Amino acid sequence: MKKINEGKETRELNLIANKGGSGSVGFKLSIPKPWAAALGVDLNNRTVVASFDGDKIIISKPKN
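For the sequence shown, counting from 1, position 60 maps to 56 in the numbering used here; every step adds exactly one.
Worth flagging that the hints you see were computed from the coordinates, not collected in a lab.
There may be inaccurate statements among the hints.
[Said to hold, decoys possible] The calculated lysine-lysine pairs, modelled on DSSO-like cross-linking and capped at a C-alpha distance of 30 Å, are: (1) K57 with K4; (2) K52 with K(-1); (3) K(-2) with K59; (4) K57 with K(-1); (5) K29 with K59.
These figures come from a predicted structure and were not determined experimentally.
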């Protein structure tokens, strides 16, 4: 579901869970293509910066 509030686009996304051979579980997140494009992400440049403050995760462009 896509919502636009105060100029920000918000979507509810599902995490992708994968279980390793040792029993550990990891999670991945797929983001919409327009968001990836806005960050400058493509098949040749896939690096982003993620920060976590205990409550929210922020994904941003790396500083050059």
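Cross-check of the supplied hints:
no. : hint           : in the structure
1   : K57 with K4    : holds, 17 Å
2   : K52 with K(-1) : holds, 18 Å
3   : K(-2) with K59 : holds, 28 Å
4   : K57 with K(-1) : holds, 23 Å
5   : K29 with K59   : holds, 21 Å
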